[in-house]
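Chemist: Okay, here's what each chain looks like letter by letter:
Protein chains: 8
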Amino acid sequence: MSPIESIDRQIVDLLMEDGRMPCAEIARRIGFVSERTVRYRLDRLRQRGIMRVVAIPDPKSLGFTVVADVFLQVEPAAITEVARRMTEFECVSYVSCSMGEVDVSVQVVGRDNAEVYAFVTDVIAKIAGVRKTSTVIVPQVLKDVYHWRIPSGACVNPGAQGRMR
Amino acid sequence: MSPIESIDRQIVDLLMEDGRMPCAEIARRIGFVSERTVRYRLDRLRQRGIMRVVAIPDPKSLGFTVVADVFLQVEPAAITEVARRMTEFECVSYVSCSMGEVDVSVQVVGRDNAEVYAFVTDVIAKIAGVRKTSTVIVPQVLKDVYHWRIPSGACVNPGAQGRMR
Amino acid sequence: MSPIESIDRQIVDLLMEDGRMPCAEIARRIGFVSERTVRYRLDRLRQRGIMRVVAIPDPKSLGFTVVADVFLQVEPAAITEVARRMTEFECVSYVSCSMGEVDVSVQVVGRDNAEVYAFVTDVIAKIAGVRKTSTVIVPQVLKDVYHWRIPSGACVNPGAQGRMR
Amino acid sequence: MSPIESIDRQIVDLLMEDGRMPCAEIARRIGFVSERTVRYRLDRLRQRGIMRVVAIPDPKSLGFTVVADVFLQVEPAAITEVARRMTEFECVSYVSCSMGEVDVSVQVVGRDNAEVYAFVTDVIAKIAGVRKTSTVIVPQVLKDVYHWRIPSGACVNPGAQGRMR
Amino acid sequence: MSPIESIDRQIVDLLMEDGRMPCAEIARRIGFVSERTVRYRLDRLRQRGIMRVVAIPDPKSLGFTVVADVFLQVEPAAITEVARRMTEFECVSYVSCSMGEVDVSVQVVGRDNAEVYAFVTDVIAKIAGVRKTSTVIVPQVLKDVYHWRIPSGACVNPGAQGRMR
Amino acid sequence: MSPIESIDRQIVDLLMEDGRMPCAEIARRIGFVSERTVRYRLDRLRQRGIMRVVAIPDPKSLGFTVVADVFLQVEPAAITEVARRMTEFECVSYVSCSMGEVDVSVQVVGRDNAEVYAFVTDVIAKIAGVRKTSTVIVPQVLKDVYHWRIPSGACVNPGAQGRMR
Amino acid sequence: MSPIESIDRQIVDLLMEDGRMPCAEIARRIGFVSERTVRYRLDRLRQRGIMRVVAIPDPKSLGFTVVADVFLQVEPAAITEVARRMTEFECVSYVSCSMGEVDVSVQVVGRDNAEVYAFVTDVIAKIAGVRKTSTVIVPQVLKDVYHWRIPSGACVNPGAQGRMR
Amino acid sequence: MSPIESIDRQIVDLLMEDGRMPCAEIARRIGFVSERTVRYRLDRLRQRGIMRVVAIPDPKSLGFTVVADVFLQVEPAAITEVARRMTEFECVSYVSCSMGEVDVSVQVVGRDNAEVYAFVTDVIAKIAGVRKTSTVIVPQVLKDVYHWRIPSGACVNPGAQGRMR
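Residue numbers (the numbering used here), protein chains in the order written: chain A, 1 to 165; chain B, 166 to 330; chain C, 331 to 495; chain D, 496 to 660; chain E, 661 to 825; chain F, 826 to 990; chain G, 991 to 1155; chain H, 1156 to 1320.
Since the hints were derived computationally from the structure, they do not count as laboratory data. Quick caveat: nothing in here was measured; it's all calculated off a predicted structure. Any given hint could turn out to be false.
No farther apart than 27 Å at their CA atoms in a straight line, the calculated lysine-lysine pairs in the DSSO-like style are these [what the hints assert, rightly or not]:
1) G:K1122 / C:K462
2) E:K786 / A:K132
3) F:K951 / E:K792
4) D:K555 / A:K126
5) G:K1116 / E:K792
6) F:K885 / C:K462
7) H:K1281 / A:K132
8) D:K627 / H:K1287
9) B:K297 / G:K1050
10) H:K1215 / D:K621
11) C:K456 / G:K1050
12) B:K291 / G:K1116
13) B:K291 / F:K885
14) B:K291 / C:K390
Listed next, with one range per pair, are the computed distances between beta-carbon atoms [as the list claims (entries may be wrong)]:
15) C:I337 / D:A623: 35 to 43 Å
16) G:S996 / D:D513: 34 to 42 Å
17) B:K225 / A:R36: 25 to 33 Å
Built from N, CA and C at the ideal position, the CB exists for glycine as well.
Given only the sequences and the hints, what does the whole structure look like? Please build it.
Modeler: Here it is as structure tokens:
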């Protein structure tokens, strides 16, 4: 059984193509629902937190051509606070806490390597509780969270899987 | 000099709050531009690739409560192909190539640990060219790419930095 | 709400002290239940798989004085089969699959270091699919699975935690 | 020469199937010993510490569906004390000290990843002397200490080995 | 389009053979330029920082037969200062800062292993901010910076590449 | 006893400032030697291999703004051949063989991260015998081989050490 | 109770100073035993394998000034054979098998770093079954097996410990 | 040319078999030298430090059946002192300083794993300056320093190499 109804899934899929597609257009494309139904369901999807519709600026087009993963080892007592502070920096586009060797993972965007290095060395590494940083350049991001579509089946059954557009 | 004009930035910021905000509302909020200007600039931002407006489904709300980073070591000749194939799996929400010890980094979402483990062991690890996988559970993602706002200044000057909302 | 009723918990606790304690004795120790109730609940606990009552031989008393953790890296396609085969060896007391750098973890008991080393080098390391083994001596096991009591509260609230006897 | 007599071994084996099997039943199954002999030998096995008969609660049936190995690096002077404290936590099912890179190994059971992560980050990592923790999810335990049977021969002679039931 | 004109490249190539080759000789070897042009262009190349002409002493000929790479992990706040101090030591021939696990990389030359070891242990390791050093002997340097010629094409097109002389 | 006479050392030092300084100027600067002596000694220094005078092109001025260390693990039988082949690539400025975990160390210069990554992934990683590569960006080189001056004393006596100019 | 009688210990200690000390001299130094007793006990110590008296050549005095530890990772099936072959090389002074990450540890002596590197790269690394070697220079050996004296007490009681002469 | 004369080499070889072989017997075995010559040369070999003749107690025969390598990471300023102190412990049979990840390597002998573990944890790990210890059991030492014979040729020419007896 699907966790989301077929019409809802089609609405999400169309909005992944164009987040500002008018409800009338969505209804037309689906073919058998009214604009009003689309509007009602779209609102419900957002209210339930199943989907958000947002602008995503493109770092590369804005001159932030360098992407780097920075892996932090942090004093145990400071993990939560360090992770929270990381979210506040404008050049940080991703922050997570993880189990394993690394405590906090951060993605940084910068205009060149020197800017990324200066940010890691002069800002991150000096935050209280940060023990060690390791920076790795990410030359290519092939799929990002806004490409992730609601799965149609189980992961382990690749035959049932659709293709990313 | 800023890489983006002030009005454009305000448009992007408002659309990051609500990607379907009508142009009239955006114009009203900015206060001194016409709806027509907003529409024109918004279209231009999208055409130039500076910004996209898209739906982003929320894995957690859909029952995909487990997030994991999977780090792959891959035969050199297979890196590009393995990365490309990773993008096709529905339970994969992120794929990148990186310098350093890890060749391809993948983020996987699953309904529980067993599903993630089965996907890594039965699917990823058996793809030709994959030498070794290492899976790390990610209990918290604090900032994601759709929270990243266009920086107002240089990374290394934290005083000039705004706060993430 | 507790996942297990108070009387059941008391039965489990008493059987952790002595797995062969007669139901009459258990009833007497709890104080307000009949032997028949104890017998009924004890059977139900076992049938539901909430608890088993078993003999556990003590390796040390039998001359198996050396305990070692052996960590295996295994060809991805062979993980399940290697783990299964590990369970069949008499000197292996624990086998698990894990995420992370190690694919299969094994605990081995032996009469001396030479026996453990010979088993790892001559038996484990030669099983098809085993890429690499790393053996670590475990001088002390302070708590084992048969010491684990049903938690009375959440892990993160240490104040609510009882002591291991 | 066997380290344990044949009758004793049969008693242990039967009690590994059902720790509460009555002595009369054990005697009947072995076939040529009296119930009194069984009772006498069973008591002696327990008194000498060769075997214990205990209840083992099943974490999964009680809702503790996540098992994790937590590897601790500890200040040298604190190893013994940290290991001892680990034994006291209700969600900890295994504690050992080992030679090698890791000082103390712990197995944690939790209701979900978040509970395990919170326990590691908020409790374990803050204990005095703990330098670093690394957590690995264990999706499958295939053999546990209560499956370990008294070996009939040497480890390195796989032909002489019985199968785990 | 080449980043440097053909005549300039020929001048640089000839000076890489012999940095003191007279301008007249350079002109003669190129064949269609005057000594005056060579002198003018050579001065311009140096003024623009495209090339320097320098003496490079040979450590081996001077008895410094041992070359070692020393990798430093440094307190984040001290990286810049530690790197700067490293440049001042006479037995240090290379200092760089890098992303990744190592913060500062140093190349040391010495008369024998004992001298290198004493320098690392008694001097480098005691500088404030140095957490850890790791020393690796370099038995052969096959290409050094003074062998690097101005590339004639892109790296990834090996067919277009010349040979090092 | 110094491994090199005082006058020779002065000649080398002056040529490290400017490799094309005329012998007359060198003689004038030293103050008590003839131009002819300088010329004789300079030739002897070069013939004996104690010093070379060469042009060193500056990668940064030529648009090669990214410097990266690439560490190679190589099949034992292929180390010598892989190292030799590395020297032939125009974007490779340094090649060494070392003891330790890494077999061959390479420094690569490129116009941007993408070029370096493409060279490592498409060229280096596909050379026969290369098992694994790890690339680290080098944001700053503070001292290079052409800054290394002939030591005036032992490494371990920092008081006796001069400063790099 | 001591594992060795007091007189025997004194004999061993004196022979550790000078392995060719005549029995008469040993008897005289101990003070209350006859030469004949010394001779009898000395023979018995050697026959029982408690002690050997041997010549130990000194590599440094013979020009073998470089000592290196070489750590080998070996195909599991080849460990025993690789270790055995290592013992045959004249420049190898120590060979052991160990648990842990390294399979075989070797100590090599050579006249200079180049000889050690050539031996590791051209000989060891090419032996069938050797996967990877890592070489570490050993600048100082402070205590060697011929300095080890028969302990007078337990290791963990440092107060009871004598000093190495 | 050999670094040691042929007769000296024969004397050393015979004393490696039996360190107390009388000079008359050595002379007889060599065949063309007088006892006096042997005595003279033997004394000279010892005086020049080319060879020592010593008793080597056998740990295994004395009940020290467990051999372990302990690798220490030490505060840089404490390396020399920690290494020196290690030499004083009776259960320590080898101490060296090395370049690379490990600062001080120690070999420990003990009566069982528990004794070795207690020594490492309670004694070594608590010495000031010791940051981290890692202990690896050594099940087999196949060649030790007293088996090392004076090489007859270069290491890299295995054809010229004799066999260890």
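Chemist: Please go over all the hints and tell whether each is borne out by the structure.
Modeler: Taking the hints in turn, this is what the structure says about them:
1. G:K1122 / C:K462: Answer holds: K1122 (chain G) to K462 (chain C) is near 12 Å, not above 27 Å.
2. E:K786 / A:K132: Within the cut-off at roughly 20 Å; holds.
3. F:K951 / E:K792: It is violated: about 34 Å lies between the C-alpha atoms, which goes past 27 Å.
4. D:K555 / A:K126: It is violated: about 43 Å lies between the C-alpha atoms, which goes past 27 Å.
5. G:K1116 / E:K792: Judged against 27 Å, a Cα distance of about 33 Å means the pair is violated.
6. F:K885 / C:K462: violated (44 Å)
7. H:K1281 / A:K132: holds (25 Å)
8. D:K627 / H:K1287: holds (12 Å)
9. B:K297 / G:K1050: Violated - the C-alpha atoms of K1050 (chain G) and K297 (chain B) are around 44 Å apart, more than 27 Å.
10. H:K1215 / D:K621: Distance of about 43 Å is beyond 27 Å: violated.
11. C:K456 / G:K1050: violated (41 Å)
12. B:K291 / G:K1116: At roughly 30 Å apart (the allowed maximum being 27 Å), K1116 (chain G) and K291 (chain B) break the hint.
13. B:K291 / F:K885: Violated, at roughly 43 Å.
14. B:K291 / C:K390: violated (41 Å)
15. C:I337 / D:A623: 35 to 43 Å: holds (39 Å)
16. G:S996 / D:D513: 34 to 42 Å: violated (58 Å)
17. B:K225 / A:R36: 25 to 33 Å: holds (29 Å)
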